[in-house]
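Trainee: Taken in order, these protein sequences are the chains called A and B.
When the letters of the first sequence are read in order and numbered with our numbering, they come out as residues 4 to 249.
When the letters of the second sequence are read in order and numbered with our numbering, they come out as residues 46 to 701.
Incorrect hints may appear among the rest.
Simulated pairs of lysine-lysine, DSSO-like, Cα-Cα distance not exceeding 30 Å [to be verified]:
hint: 1; chain 1: B; residue 1: K157; chain 2: A; residue 2: K25
hint: 2; chain 1: B; residue 1: K327; chain 2: A; residue 2: K199
hint: 3; chain 1: A; residue 1: K133; chain 2: B; residue 2: K688
hint: 4; chain 1: A; residue 1: K25; chain 2: B; residue 2: K505
hint: 5; chain 1: A; residue 1: K199; chain 2: B; residue 2: K47
hint: 6; chain 1: A; residue 1: K25; chain 2: B; residue 2: K432
hint: 7; chain 1: B; residue 1: K555; chain 2: A; residue 2: K14
hint: 8; chain 1: B; residue 1: K688; chain 2: A; residue 2: K91
hint: 9; chain 1: B; residue 1: K190; chain 2: A; residue 2: K133
hint: 10; chain 1: B; residue 1: K385; chain 2: B; residue 2: K432
hint: 11; chain 1: A; residue 1: K244; chain 2: B; residue 2: K491
hint: 12; chain 1: A; residue 1: K91; chain 2: B; residue 2: K432
hint: 13; chain 1: B; residue 1: K385; chain 2: A; residue 2: K91
hint: 14; chain 1: B; residue 1: K385; chain 2: A; residue 2: K25
hint: 15; chain 1: B; residue 1: K157; chain 2: A; residue 2: K117
hint: 16; chain 1: B; residue 1: K555; chain 2: A; residue 2: K117
hint: 17; chain 1: B; residue 1: K491; chain 2: A; residue 2: K25
hint: 18; chain 1: A; residue 1: K98; chain 2: B; residue 2: K47
hint: 19; chain 1: B; residue 1: K327; chain 2: A; residue 2: K117
hint: 20; chain 1: B; residue 1: K157; chain 2: A; residue 2: K199
hint: 21; chain 1: A; residue 1: K80; chain 2: B; residue 2: K432
hint: 22; chain 1: B; residue 1: K47; chain 2: A; residue 2: K25
Simulated from the structure, these hints should not be mistaken for lab results.
One letter stands for each residue in the lines below.
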Amino acid sequence: MSDQEKDRTLKISVLRYNPQVKGDTPRMQAYELTEAPGMTLFIALNDIRENIDPTLQFDFVCRAGICGSCAMVINGKPSLACRTLTSKFPDGEIKLLPLPGFELIGDLSINSGKFMQAMNERVESWIHDKNMNNVDFTRLEERMDPDVADEIYELERCVECGCCVAACGTKRMRPNFLGAVGLVRLARYALDPRDKRTDEEFYEVLGTDDGVFGCMTLLGCEDYCPKNLPLQTQIAYLRRKMAFVK
Amino acid sequence: MKIIYTDSLVIGGGMAGLRVAIASMERGYDTIVLSLVPAKRSHSAAAQGGMQASLAASVKGEGDNEDVHFEDTVKGSDWGCDQEVARMFVNTSPKAIRQLATWGVPWSRVRKGDRQIVVNNKRVTITEKNECHGLITARDFGGTKKWRTCYTSDGTGHTMLYAMGNRAVQLGIQVHERKEAIALIHEDGVCHGAIVRDLITGKLMAYVSKTTTIATGGYGRIYSVTTNAVISEGIGTAIALETGVACLCNMEAVQFHPTAIVPVGILMTEGCRGDGGLLLDKDGHRFMPDYEPGKKELASRDVVSRRMTEHMRKGKGVHSRYGDHLWLDITMLGKEHIEKNLREVREICEYFLGIDPVKDYMPVRPTQHYSMGGIRTKPTGESPTLKGLFSAGEAACWDMHGFNRLGGNSVAETTVAGMIVGEYVADYCEQNFSNISTKLVEKFLKREEKKIIALLDRNKGENPYELRNEMQKIMMDKVGIFRNGPDLEKAVEELKVLNERARNIAVRNKISSSNPELVDAMRVSKMIKLAQCAAYGAMLRTESRGAHSREDYPERNDKDWLKKTLTYWREEDDDLPEVEYEPLDINKMEMPPGSRGYGVDNTIPNPETEKRMAEIEEIKKAHPNADRFEMQQLLNPIELPEKFKGNNERIGRGFK
């Protein structure tokens with residue numbers, strides 16, 4: 004990091020709106036602060052809250068790119084704020100908007116938890132196995148092919164941040180569209196030998212225009228997934244699989 | 046007044062909380078989980094390396110069992126743990142991991158045949174047995190005799206938390222998100238639930254319950270540099286303390302993880318060293334073998350952190366604008382291994398440091414990581430002094446970690462304690478009726494309401510962020526890896542002043558609904574009390590044990606200090622906690638105090654130790670035909686819920 008960057012003044016514009024306050028209207032507000040070496044948006048936004056404007060709302064939890072809390076639109080692109088270095092922006096100007104497609108709590112804080120809860124219920128995001136409750140845990144576990152375990156982990160890496168939903172063109176047109184986060188979750192269970200759901204059962208959740216058939220293949224989801232999940236391949240796989248069901 | 050009634054109230058939506066909730070729900074009790082954030086965003090997700098369970102399926106785990114795991118855990122704790130609890134834990138951990146496998150965790154599996162690993166900076170080939178193919182595998186971690194840490198790449202916490210979160214959704218457990226418990230409701234030594242603030246609307250409400258379980262994780266954020274998530278502020282622990290009835294235990298026992306990256310303090314899993322990574326100094330010299338020729342980089346965490354600090358104090362650290370650091374080198378593991386098994390590590394390096402650990406060294410130094418201390422509980426998870434209050438996971442001092450936790454034993458504790466404590470929570474729900482007047486509920490609600498109004502009405506006063514930053518700096522500078530009398534005394538005095546100042550906080554943002562400054566203001570006075578418990582406990586403990594390392598008292602003193610520090614906050618106006626001690630009884634120990642095998646053994650022995658050793662020999666002689674399970678029950682009889690009592694099967698050995 005050069006010394007030049009050390010003294011740079013950043014201009015961070017944030018969409019301000021608090022629906023909890025009667026009469027409040029959305030507006031952009033700009034903050035100026037001195038950049039520090041290695042500064043991330045996590046550090047910058049906390050700096051603003053502590054030293055300039057204590058009313059500013061945003062969400063961080065792990066601040067390490069692991070938990071998915073801090074997705075927002077950063078200079079037009081949905082991404083995780085905590086691992087975004089301010090040095091990435093050559094002119095030092097950063098525009099922050101809350102992630103679209105979710106209920107707004109205030110400023111940059113969104114209720115992605117509510118959305119994800121509904122998604123998890125809709126896709127029944129759990130292993131379906133009638134015998135699950137009868138397993139004797141003192142005995143050796145059921146074996147799994149090591150490659151299959153690795154493949155499941157690959158899809159399990161989703162952190163439910165919501166970037167794919169915000170970047171989805173289909174979601175704009177179909178408010179009830181499941182989105183890549185739900186589709187990849189189903190792909191994860193379809194791959195898992197422990198889940199006994201049949202293709203017909205998956206079809207019940209997937210086989211509509213709000214499911215896998217609605218996807219217009221614009222693939223904003225794949226472009227903006229912070230975990231680089233293979234969303235395109237998985238959606239194509241599910242679509243092929245479902246096309247043969249009925 | 047809004048009151049929500051339930052049987053089992055769980056505060057905290059991480060793994061321990063979810064697991065308790067699952068247990069009480071499965072037993073048929075109405076269950077509600079309160080969480081600051083969506084449950085799957087809890088700090089449990091950040092656990093990378095893995096979970097210890099003695100499955101012994103990998104060839105490097107052969108010969109492992111509960112006894113070996115027990116020995117490692119007790120040694121790791123520097124004999125500060127409750128051996129009864131450590132036993133309950135090691136015997137149940139294999140069951141916990143197998144249950145999680147049925148709930149969907151894609152544990153990495155044994156692959157039969159040859160594979161190359163790195164041991165002591167050399168490539169060696171090991172051969173996994175055909176009959177073990179497809180069973181859950183394990184990696185090496187610090188302070189363990191066998192490869193016992195089961196994992197999914199380096200996203201173990203994530204997959205475990207998701208499996209548990211999904212199980213909770215399946216069971217229809219309600220998770221009330223963005224809710225903060227700010228006080229416990231209690232009377233005559235019985236806990237009746239909590240006063241809760243909605244973080245979006247700002248509204249206060251009461252949750253009235255038969256049992257209240259606090260599973261809010263650690264208090265790492267009382268330090269300025271920590272690997273912990275921003276929500277790990279210990280608020281659940283603090284509201285238990287503030288009852289004046291429940292007590293905290295061993296708050297001075299704070300772990301520093303050897304390898305967090307500089308400057309941001311994000312964790313690089315112990316798996317880096319477990320898989321063969323090395324620590325290097327500014328000259329590129331591998332220094333750990335100079336200090337610990339036996340375990341080298343894989344000594345227990347407290348030992349490695351101290352050795353690193355010692356080495357940097359000798360001027361061997363790499364200078365940087367953020368202070369000195371050392372290097373973590375995993376380049377010898379190769380691209381393929383790193384991409385597969387240390388994936389998060391690579392991603393974090395890429396985004397936060399702009400480097401690639403496949404070819405670059407990572408700048409690391411010891412950083413606050415884990416809170417061994419917490420809410421004192423009995424082996425059932427219930428507070429010994431406040432009935433109906435339970436605690437599990439990092440928030441609790443249950444206590445299987447004593448003064449130093451082994452890597453891989455924390456996510457394991459969340460799950461195992463969640464299982465065990467969850468059963469006792471359900472038992473309590475079964476055996477007790479809630480008898481509470483709404484007058485009592487209203488009293489607590491009004492009290493909290495008044496405090497918030499006073500805070501919002503005060504126009505001039507202390508800045509909550511300044512108080513927090515000062516507290517964090519005191520803890521970092523004076524209650525850190527190495528401690529000494531004069532510094533600790535200063536810390537105790539300075540924190541006392543902060544406590545006083547915290548009674549006069551003014552916020553600039555005056556709205557009562559969603560208001561981050563108000564939240565921070567409410568939390569900081571609680572955090573200062575926790576910091577006081579830690580600093581005061583550390584000042585009084587004139588010995589070195591595990592992570593509590595006194596330069597002026599370098600010996601582990603079993604003669605005078607084989608006891609737990611209990612702290613109470615009796616009256617709101619007190620400026621210091623009240624301290625009591627709970628002795629650890631050598632005559633009940635399955636493994637009497639001995640040497641951990643690091644450096645020079647300078648322990649001041651306790652006369653009871655020899656007596657107990659002789660007694661154990663006699664018991665062994667008197668029962669020559671006892672198998673290891675019978676022997677354990679003779680030496681360390683434990684109670685477990687019926688469903689977790691069976692022996693664990695291992696490949697090639699059956700249930701022996």
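Trainee: Does the alpha-carbon distance linking K555/B and K14/A stay inside the 30 Å limit?
Mentor: holds, 26 Å
Trainee: K327/B and K199/A: Cα distance at most 30 Å?
Mentor: Not OK: K327/B and K199/A at ~55 Å, beyond 30 Å, violated.
Trainee: Is it true that the CA of K688/B sits at most 30 Å from the CA of K91/A?
Mentor: violated, 55 Å
Trainee: Given the hint that K385/B pairs with K25/A, test it: the Cα-Cα distance must not exceed 30 Å.
Mentor: violated, 51 Å
Trainee: Could you grab the alpha-carbon distance between K80/A and K432/B and see if it respects the 30 Å cut-off?
Mentor: Violated: K80/A and K432/B sit about 52 Å apart, past 30 Å.
Trainee: Measure nothing beyond the straight line between the CA atoms of K244/A and K491/B; if it is 30 Å or shorter, mark the hint as holding.
Mentor: Violated, at about 59 Å.
Trainee: Holds or violated: K157/B and K117/A, Cα atoms, limit 30 Å.
Mentor: violated, 44 Å
Trainee: Going straight from one Cα to the other, do K47/B and K25/A come out at no more than 30 Å?
Mentor: Cα-Cα ~23 Å, so holds.
Trainee: Is K25/A within 30 Å of K505/B, Cα to Cα?
Mentor: Cα-Cα ~26 Å, so holds.
Trainee: Does K432/B lie within 30 Å of K91/A when you go C-alpha to C-alpha?
Mentor: Not OK: K91/A and K432/B at ~54 Å, beyond 30 Å, violated.
Trainee: Just to be careful, I want the Cα atoms of K190/B and K133/A compared with a cutoff of 30 Å; is the pair within it?
Mentor: Violated - the C-alpha atoms of K133/A and K190/B are around 38 Å apart, more than 30 Å.
Trainee: Check whether the Cα positions of K25/A and K432/B lie no farther apart than 30 Å.
Mentor: violated, 44 Å
This entry does not satisfy hints 1, 2, 5, 6, 8, 9, 10, 11, 12, 14, 15, 18, 19, 21, going by the numbered hints stated previously.
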